[in-house]
Every structure is written in C-alpha cells, then in structure tokens.
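K.L.:
Spelled out from the first residue to the last, the chains are:
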Amino acid sequence: MSSHTDAARTLGVGILGAGPVTQAIHLPSLARLGDLLTVRHIMDVDPAVAESVAARVGATHGTSIEALLSDPEVDVVAICSPHQFHAEQVIAACRAGKKAVLCEKPFAWNADEAARISAVSEETGVPIIVGAMHTFDPGWLAAEANWGDLPDTAHTIRSSIVLPPNARFEDFATEIIARPASSTPDYTDPEVIKGMLKGGIMGLAIHDLPLVRRFTPDFAEVEVLEARIARPFGYIISLRTPTRTIELRAAMNNTWKPEWSFEAFSDDASVRVDFTPSYVQAGSAVATFSRAGETAVHGPFDHNGYEGEWRELTALATGTRQPPSARTLIDDLTFALDIAEATAARVDADHKAQRAVREGAHA
Amino acid sequence: MSPKYTVHATPEAREAGAVALAVSSLPASFGPAGSASAAVVRVIAGQPGWTAGAIEAIDAGARGIVVVNPAAESVEELRRAAEASGAAVVLDQRWAANPAVAGAEDAVRAMAGRAAVLDSVATAAAGSDSGALLADHLAAVVRLTGRLENLRVVTTGTHGYTVTARLANGAPVALQGILSGARPAGVDITLLTDDGGVSVALPEPLAAWPARVKVTGPQGELLLPTLYESAHRATWRRLKGHLDAGTAPSDLHRFAALTESLSALS
Chain P
1 MSSHTDAART LGVGILGAGP VTQAIHLPSL ARLGDLLTVR HIMDVDPAVA
51 ESVAARVGAT HGTSIEALLS DPEVDVVAIC SPHQFHAEQV IAACRAGKKA
101 VLCEKPFAWN ADEAARISAV SEETGVPIIV GAMHTFDPGW LAAEANWGDL
151 PDTAHTIRSS IVLPPNARFE DFATEIIARP ASSTPDYTDP EVIKGMLKGG
201 IMGLAIHDLP LVRRFTPDFA EVEVLEARIA RPFGYIISLR TPTRTIELRA
251 AMNNTWKPEW SFEAFSDDAS VRVDFTPSYV QAGSAVATFS RAGETAVHGP
301 FDHNGYEGEW RELTALATGT RQPPSARTLI DDLTFALDIA EATAARVDAD
351 HKAQRAVREG AHA
Chain X
1 MSPKYTVHAT PEAREAGAVA LAVSSLPASF GPAGSASAAV VRVIAGQPGW
51 TAGAIEAIDA GARGIVVVNP AAESVEELRR AAEASGAAVV LDQRWAANPA
101 VAGAEDAVRA MAGRAAVLDS VATAAAGSDS GALLADHLAA VVRLTGRLEN
151 LRVVTTGTHG YTVTARLANG APVALQGILS GARPAGVDIT LLTDDGGVSV
201 ALPEPLAAWP ARVKVTGPQG ELLLPTLYES AHRATWRRLK GHLDAGTAPS
251 DLHRFAALTE SLSALS
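Protein chains in written order, with the numbering used here: chain P, 1 to 363; chain X, 1 to 266.
Possibly wrong hints are sitting among the right ones.
Said to hold, decoys possible - Dumping the calculated SDA-like pairs for lysine to any residue here, alpha-carbon to alpha-carbon at most 25 Å:
{"no.": "1", "chain 1": "P", "residue 1": "Lys194", "chain 2": "X", "residue 2": "Arg166"}
{"no.": "2", "chain 1": "P", "residue 1": "Lys194", "chain 2": "X", "residue 2": "Val154"}
{"no.": "3", "chain 1": "P", "residue 1": "Lys257", "chain 2": "X", "residue 2": "Gln219"}
{"no.": "4", "chain 1": "P", "residue 1": "Lys194", "chain 2": "P", "residue 2": "His155"}
{"no.": "5", "chain 1": "P", "residue 1": "Lys257", "chain 2": "X", "residue 2": "Thr155"}
{"no.": "6", "chain 1": "P", "residue 1": "Lys257", "chain 2": "P", "residue 2": "Thr241"}
{"no.": "7", "chain 1": "P", "residue 1": "Lys352", "chain 2": "X", "residue 2": "Glu221"}
{"no.": "8", "chain 1": "P", "residue 1": "Lys99", "chain 2": "P", "residue 2": "Glu113"}
{"no.": "9", "chain 1": "P", "residue 1": "Lys198", "chain 2": "X", "residue 2": "Arg109"}
{"no.": "10", "chain 1": "P", "residue 1": "Lys257", "chain 2": "X", "residue 2": "Ala201"}
{"no.": "11", "chain 1": "X", "residue 1": "Lys214", "chain 2": "P", "residue 2": "Glu113"}
{"no.": "12", "chain 1": "X", "residue 1": "Lys214", "chain 2": "P", "residue 2": "Arg95"}
{"no.": "13", "chain 1": "P", "residue 1": "Lys105", "chain 2": "P", "residue 2": "Leu33"}
{"no.": "14", "chain 1": "P", "residue 1": "Lys257", "chain 2": "X", "residue 2": "Val154"}
{"no.": "15", "chain 1": "X", "residue 1": "Lys214", "chain 2": "P", "residue 2": "Arg311"}
{"no.": "16", "chain 1": "P", "residue 1": "Lys194", "chain 2": "X", "residue 2": "Gln219"}
{"no.": "17", "chain 1": "X", "residue 1": "Lys214", "chain 2": "P", "residue 2": "Lys99"}
{"no.": "18", "chain 1": "X", "residue 1": "Lys214", "chain 2": "P", "residue 2": "Arg168"}
{"no.": "19", "chain 1": "P", "residue 1": "Lys257", "chain 2": "X", "residue 2": "Glu149"}
{"no.": "20", "chain 1": "P", "residue 1": "Lys194", "chain 2": "X", "residue 2": "Asp194"}
{"no.": "21", "chain 1": "P", "residue 1": "Lys352", "chain 2": "X", "residue 2": "Asp194"}
{"no.": "22", "chain 1": "P", "residue 1": "Lys257", "chain 2": "X", "residue 2": "Arg212"}
{"no.": "23", "chain 1": "P", "residue 1": "Lys198", "chain 2": "X", "residue 2": "Asp194"}
{"no.": "24", "chain 1": "P", "residue 1": "Lys198", "chain 2": "X", "residue 2": "Val153"}
{"no.": "25", "chain 1": "P", "residue 1": "Lys257", "chain 2": "X", "residue 2": "Arg109"}
{"no.": "26", "chain 1": "P", "residue 1": "Lys194", "chain 2": "X", "residue 2": "Arg114"}
{"no.": "27", "chain 1": "P", "residue 1": "Lys198", "chain 2": "X", "residue 2": "Thr164"}
Keep in mind that the hints were calculated from the coordinates and are not lab data.
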C-alpha cells in the first residue's frame, strides 16, 4: 500500500472516474510504476465507488472534479470518465495548471472540441496525451523504429480484433465493483445497427485507427465501402482511400482466445503487430516484418502500452520528453469521427436501397 | 514391378501440376505412358475449355482424368461423359485440394449453424492475376462452407480485392485478396462462433510446410493432425483410390457449386 510519506518523490496522480478501466487497467499499471507515480486522489460521481477504489491505494477520494484539480498533491490527471465529459475535463485540468493530462480515447466528440482542447494546451503549456495504448506499446514502437518506408509504400492495411467480453479479463486483473450492466440489442433496427457500428468504431476500432492512419497519408479522403455487424457484437468494415485498401474486423464473443493484430502490406514487405489483450499483464506486442523469404521479429518486451502511456506521461510531466503535436491528436480523432459518420451514412444508404428493393418486389 | 496406372500430361499441366513430382511420390501406382493414347490417366491444364479436353480424353479411353487448376465453367456434359464411361475425374486445385481440407470441412460444417463471422485472406505475389486468385480463394472457402449467399465484389484492383457474402445462417463472410510478395502465398480462413471457431491455413501445393487446422472451443484448442502431403499428391492418391475401387469422385459435383458462385459474381 502506498502512502504520501514514502512516495514523496514520486509524481501524484489524480483520476477522474473510477470505473472498470481505472480499476482493472490503470491501478494495476500504476502499481507496477511505484517508483515514478503515486495515486493521490480518486474522483467518481458515485461516492461509494470513489471511496472503495481510493482505499485500495490509500488515496484521497471525493465526488468533486474541482476538489481533485485543486489538490496540490495531484501533479498529473487521468480522465477516465464517460466520453461526453472528456473535453471539458481536459480543459479544466489544463487550466488548473497540472503538469500533464492523460485522457482516455476519444478525447473529444468533434473537431471543434479537439481544436479548443489543443488551444488550451498550447496556452497553458500543459501537455496532453490520449490513451491510445497501442501507440505506446514497446512492440509498436519497435515496429516504428524498423518499418523504413513501409508507411509510404503500403497498399493494404488490416486491423483485426477478437476479444472475450471485457469482464473475463477485468476479473483476471482485479475485483471489479460497480460493473455496468449489458443488454441484448435489437438487430432488426437500423438505428441500433448504426449505434453498434459507431460504438464499435469509437470504442474499439479507435484503439488502432491511429496506427492505421500512420500508414494512410491520404486519410482525409477515406471512404466507407461496406459496413456490417457481427453478432453478438462486432463489425466488418471495408474502407478505401485513393491509395489504400483498409479492412477493419472485430468480434466480441464468449471465446477465451483473444487475437488483436495490425497488418500492413506493400508489394514486397509487410508488418504484423500482435497485441496482447487489454486488462491483463501479458507483456508487449510483437512486431513481425516479412520481406520475400525473410522474417524479423521484435519483442516481446516486458510491459504493455498502458504502462507505456504512464511512462510517457511521467516523461512529459518532468520535461524529459516533448508532447505529441496537437495536429496528430486532432487528425487521429477526426479520422475516427469521419469513419464513424461515413459508416452510419453507409448503413442508411444500404437500408434505403433494401427498402426500395422490397417495395419494388411488392409493387 | 511396373506401376499400375500409366500417365500422360500435357506440357502445361505437367508444369502447373508438378506432375512428375507427384507421380514419382506414388511410384507403385503411377508411371509414365509412352503416348497419350496409351495412357490410363490423362492430365490436362484447366484453362477455359478444359471440359471439352477432358471429354475427348474420356472418349479416347482414359479411365482417369486429372485437371490442374480448373477455370470456372459448366461441368454438366463432362459429368455425363464420366458417368457413362465410368471414368474418374479429379480436380487438382491450388488450395481446395489440400489434404487438410477434409478435416477442416468437417470442423467448419459442425459449427456453421452457430457461425458469427467468416473472415478469409488469400495472398499471392504482387503482379498476380487478381481474378485467378479470387477463383482459387473462393474454391477453398466454398469447399469448407458450401454455397455462399449474396456474393458480391466490394472492390478490386491491382493490389487485390474485397468480396462480401453470407453464410446460410446469415453470418457475414469477408474475403480479401492481397497481392504482395512479402509473405509466401497461401490462404487463411477463420470461422468464429460465439465461443470459439476454426482457423485454417493452407499453403501453396509446392510449399515445404503443411496446412494447419485448429479448432477452438470452451475446453481449449485442438490442432488437427498435421498431414505432410501436398495438394498435388493428395489429388493423385485420391485418384488411385477411385481407380482401384471403381468409384466416382465428387469433385465435379462440388465444382458445379463453385462455378455457380463465381458466375453469380460476374
């Protein structure tokens, strides 16, 4: 158990929102980084959850954002609240003069919000990173260090995700309190399908869309060719830009066997990055390069992207690293939002076409 | 001891089907014939019009026909000719003829009613014919799943293709072709159910490694027995079995379903 006294030289962490992600991902990651960071303040709208989660790490607790942001013990802030609150909370944390801010993805819901956040970050000098954990994974960073011109020459990109329900891995990581209830969607309702696809993009695909964008220089011209759901939850989405074919796959079912991969192919080279599942401590991703009969493997390394993002936040807060450019964060967000919107439009168009066929058949 | 069945192959078929290699690996069963007319088994390449060539060979007295990489076309007339003469016609398909496919087919069909999604990626060297890759790809997938519904090309180009379809239970199917020399050519097929699935990796017929079939369920994952045999040799071994027993292979029947699927695409 940490205490303020023996952790005096570490950076103090304040966390807004104490749901399953905080409990099962961030607290275990921070427990591995006790020489750098100490959790000092936990806020949640549910006072019982805030108290219980804070008690696990010996932190102060409460239901007030203002109290956390004005707590002098808090140096860096992690925003793990529901998505719709991210933008205003990031801005408030910057205005409070904190040393760095980590915001869970997505960090905003539209480009205007993203630009506003960027402006406040620049004005206050508080660095912000978005919790796209795979971009901080040592396996991905090793891929980046070795991929040469592949992002420029790739023509085909795949992101494929097969995951058990979150609860399976949350339970490997911690003892969750206040788990949200799940429900069975109405698969016959186009609005539900649209919601599932948009939720899949902004909640699941978004983990890897920054990776996809690194290999898609003409990302602003992305077009959705087809979008379908897989039951009980998943998506099959075909995208295209003038120079790239992009396929996104995801299936969340009751399997015990996860698979999470990113691939990019050019005419003569490819990279495949196999990520470890979220929540559990399973080391880093492994990057495999293939070039006509030769294979080079990088990793695994000893920590995953969640620990990587906390290490990055520490480096930013202590001034040993420069923050990512605001343009990168904004482009990553707008790429995801554009795909989500275009996917919804694709579903509408398909539904309209199907209805016309049905009505024609009955005419 | 002389081999049981004599063989003659056209030059194109000999090359495409690695006939000498396959036949030499079954030396007690097959051996070269002095001429086409003297051969018990005739091997022809599957370019368009191959069914007419196969009928000619049957009419000339061949008891066994091997067709290497057959292009999609109607096989009705050939089926009738083969049935009338009792000739055995086997198809040496790039991936669908792999000996691991039989076990994979059983595993896939056992789970097909519970399928949530089928995702498959075929790779071939950059510059390959995208249409030929799709035909080989579809042959392998249809062999495992049976007929696909709503088959449609989403996109196709110099770097590959994306094709969409549905399984009989409505689950989405996605087939992607990627033209790249980065990795050895092959096809991966993944069927997911609510609690597991089947994954199949089929190599090129001349690859120095076998296919891999894994079945995943709540109890864990099962690697089906590894069969160290190429698609070419497996085809010839099947032919021998049919010639010995006087039975008729189901290859043409299956191929008719594939041709139907491919013609629905065009």
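K.L.:
Between Lys214(X) and Arg168(P), does the CA-CA distance stay at or below 25 Å?
P.N.:
holds, 23 Å
K.L.:
Between Lys198(P) and Thr164(X), is the straight-line Cα distance small enough, at 25 Å or below?
P.N.:
holds, 20 Å
K.L.:
Is the hinted pair Lys105(P) and Leu33(P) satisfied, with a Cα-Cα distance of at most 25 Å?
P.N.:
holds, 22 Å
K.L.:
Would you mind confirming whether the straight-line C-alpha gap from Lys194(P) to Gln219(X) stays at or under 25 Å?
P.N.:
Given that 25 Å is the threshold and the Cα spacing comes to 34 Å, the pair is violated.
K.L.:
Starting from Lys214(X), check that the Cα of Glu113(P) is at most 25 Å away, please.
P.N.:
violated, 47 Å
K.L.:
Below or equal to 25 Å on CA atoms is what counts here, so check Lys257(P) against Arg109(X).
P.N.:
holds, 21 Å
K.L.:
For a C-alpha distance cap of 25 Å, please report whether Lys194(P) and Arg114(X) respect it.
P.N.:
Within the cut-off at roughly 24 Å; holds.
K.L.:
Are Lys257(P) and Thr241(P) close enough, with their CA atoms no more than 25 Å apart?
P.N.:
Distance ~32 Å between Lys257(P) and Thr241(P) Cα, so the pair is violated.
K.L.:
Mind checking the alpha carbons of Lys257(P) and Val154(X) for me, to see if they're no more than 25 Å apart?
P.N.:
violated, 30 Å
K.L.:
Between Lys194(P) and Asp194(X), is the straight-line Cα distance small enough, at 25 Å or below?
P.N.:
Holds, because 22 Å separates the two Cα atoms, which is no more than 25 Å.
K.L.:
Is the straight-line distance between the alpha-carbon of Lys257(P) and that of Ala201(X) 25 Å or less?
P.N.:
Within the cut-off at roughly 17 Å; holds.
K.L.:
Compare the distance between the alpha carbons of Lys194(P) and His155(P) with 25 Å, and conclude whether the hinted pair is satisfied.
P.N.:
violated, 28 Å
Checked against the numbered hints given earlier, this structure breaks hints 4, 5, 6, 7, 9, 11, 12, 14, 15, 16, 17, 19 and 21; the rest are met.
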